[in-house]
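Visitor: Make a model of the complete structure from these sequences and hints.
Number of protein chains: 2
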Amino acid sequence: MTGEVGRRGPRPAGEDTRSAILAAAREEFATSGYAGASLRGIARRAGVDPRLVHHYFDGKAALFAEIIDLPLNPAAVVAGIVDGDPDELGARIVRTFLTVWDHDDNRPALLALIRTGVTGESNGVAQLREYLSSGVVGRIVRAHPHAATLSPKERTLRAGLIASQMMGLALARYVIEFPGVAGVPLESLVERIGPIIQGHLEN
Amino acid sequence: MTGEVGRRGPRPAGEDTRSAILAAAREEFATSGYAGASLRGIARRAGVDPRLVHHYFDGKAALFAEIIDLPLNPAAVVAGIVDGDPDELGARIVRTFLTVWDHDDNRPALLALIRTGVTGESNGVAQLREYLSSGVVGRIVRAHPHAATLSPKERTLRAGLIASQMMGLALARYVIEFPGVAGVPLESLVERIGPIIQGHLEN
Chain A
125 MTGEVGRRGP RPAGEDTRSA ILAAAREEFA TSGYAGASLR GIARRAGVDP
175 RLVHHYFDGK AALFAEIIDL PLNPAAVVAG IVDGDPDELG ARIVRTFLTV
225 WDHDDNRPAL LALIRTGVTG ESNGVAQLRE YLSSGVVGRI VRAHPHAATL
275 SPKERTLRAG LIASQMMGLA LARYVIEFPG VAGVPLESLV ERIGPIIQGH
325 LEN
Chain B
125 MTGEVGRRGP RPAGEDTRSA ILAAAREEFA TSGYAGASLR GIARRAGVDP
175 RLVHHYFDGK AALFAEIIDL PLNPAAVVAG IVDGDPDELG ARIVRTFLTV
225 WDHDDNRPAL LALIRTGVTG ESNGVAQLRE YLSSGVVGRI VRAHPHAATL
275 SPKERTLRAG LIASQMMGLA LARYVIEFPG VAGVPLESLV ERIGPIIQGH
325 LEN
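Chains as they are written, first to last, in the numbering used here: chain A, 125 to 327; chain B, 125 to 327.
Rather than coming from a laboratory, the hints here were simulated on the basis of the structure. All C-beta atoms, glycine included, are put in the ideal place defined by N, C-alpha and C. Mixed in with the good hints, there may be bad ones.
[Unchecked claim] If you want a taste of the chain A side facing chain B, the calculated C-beta under 7 Å gives, among others:
| id | residue |
| --- | --- |
| 1 | 202 |
| 2 | 206 |
| 3 | 287 |
| 4 | 293 |
| 5 | 299 |
| 6 | 303 |
| 7 | 305 |
| 8 | 322 |
[What the hints assert, rightly or not] Computed footprint of chain B on chain A; a stretch qualifies when at least three of its residues, placed anywhere within it, have a C-beta under 8 Å from a C-beta of chain B:
| id | stretch |
| --- | --- |
| 9 | 231-242 |
| 10 | 250-263 |
| 11 | 314-321 |
Guide: See below:
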C-alpha cells in the first residue's frame, strides 16, 4: 500500500505505464492535433519504449477513442465494416453505425462527441475532424476497390459526403428525434441509406 | 417622450402591439409546443384580434423564426424552393439551403439553431423538431406530386431522411468543417446531393 488518499489498494506497475501513456497522448493530441500526433511522439513524451504504446493500445485511433471516452474500439468497428463484399459496403456502414448508436452503453459517449463537435472549442473540433476523416471514414473509403483508385481530392470529397450523411442520421435519429427517422426499425434505414452510401463509394 | 429610461423617442403603437404578440407567441410555443400553438391562441394570449397577428407576421413559421432570431423568413425561402419544375426540386432544396448557410448574415443564427438542437433542453428541442418537420421540410415534401400521394407515415419518413441529409451537410460544411465538404464549391454539392434528395421525393 502506498498510503495515498483514494487508493483502494496497490496499483500494478502496468496501470501506471498505461496512465502515463494516456496523459502523454492527451498532451500530444492537444499540441499536434490528431493528424500530427504519432505513437512515437507519444512514447517519447511518456518516456517509454514505443513498443509499450503498441502493447497497451491498438493504434492511434484506439488511443484517441479512449481519451474521448468512446466505449468502443473504432479500429475493431472499422475492421468489421471493411471485411466482406464491397458491393455491400454501404449497407454495412449504415448497419454498423446505427447498431453502435442504438446500443444504450454507447449512446451517451457518442452524444457527448457530437456536442463537442458542435459546441467545443476549435482545438477539440479540429482533433475530432481529423480523427473522423483520417482515422475512421478515410479508412473505410479506401477499402472499396473503386474508391481506392480515385484521386486523393475526390476520395476526400466522398469521405466528407459519407460523414455528412451519417452525422445527419445520428443527429436526426438520436438528438433531434425527427419523426420518421427516430421511430423506424434500423433495417428500414439500412435499406434507404445503404444504396446512397454505396453510390458515394462506386460512382 | 414618455421619460422611460433607455427610450430614444416615442414608440409607435404598432411596435407595442408587435412586441405583445411576440411575447405571447413565446409563451404559447413554450406551453403548447410548435405543433400545438395556433395564431388564434397567440392572439388570445396577447389580447389582440387574430387579424392583427396576420397583419404583423407571415404565419406561424415566420413568427417562430423571429423568436429564434432567424434572420430570414422561412415561408419565403420555402416558397422559393417549391416554386418550379418538380424534377429539379431536390437540386433547388440543396442549392437554396447552402446559399442561405453560405451567407455571412445568416450563419451565426443558424449555428445557434443547430446548437440548440444538439445541446438545448428538451422543450426547446421539441419545438425545433416540430418547426422543422411541419413548418419547413413537411411543406417541401408535400410540394412534390409523387410525395404528396404517399401515406402520411411514408411522407414523414421521406421528410426525416431529407432533414437528416441537410442537417448533416450543414454540420460537416459549417461546423466540423470536414475536408472535402467544407472546401468545395456550392454547385459541386448540389450536383452530388441534389439527386439523393430527389430520390427521397420520387421513389
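Visitor: Now tell me if each hint is right for this structure.
Guide: Hint-by-hint comparison with the structure:
no., hint, verdict
1, 202, "17 Å, violated"
2, 206, "19 Å, violated"
3, 287, "5 Å, holds"
4, 293, "5 Å, holds"
5, 299, "6 Å, holds"
6, 303, "5 Å, holds"
7, 305, "4 Å, holds"
8, 322, "12 Å, violated"
9, 231-242, "holds (count 4)"
10, 250-263, "holds (count 4)"
11, 314-321, "holds (count 3)"
Going through the hint list in order, the structure does not satisfy hints 1, 2 and 8.
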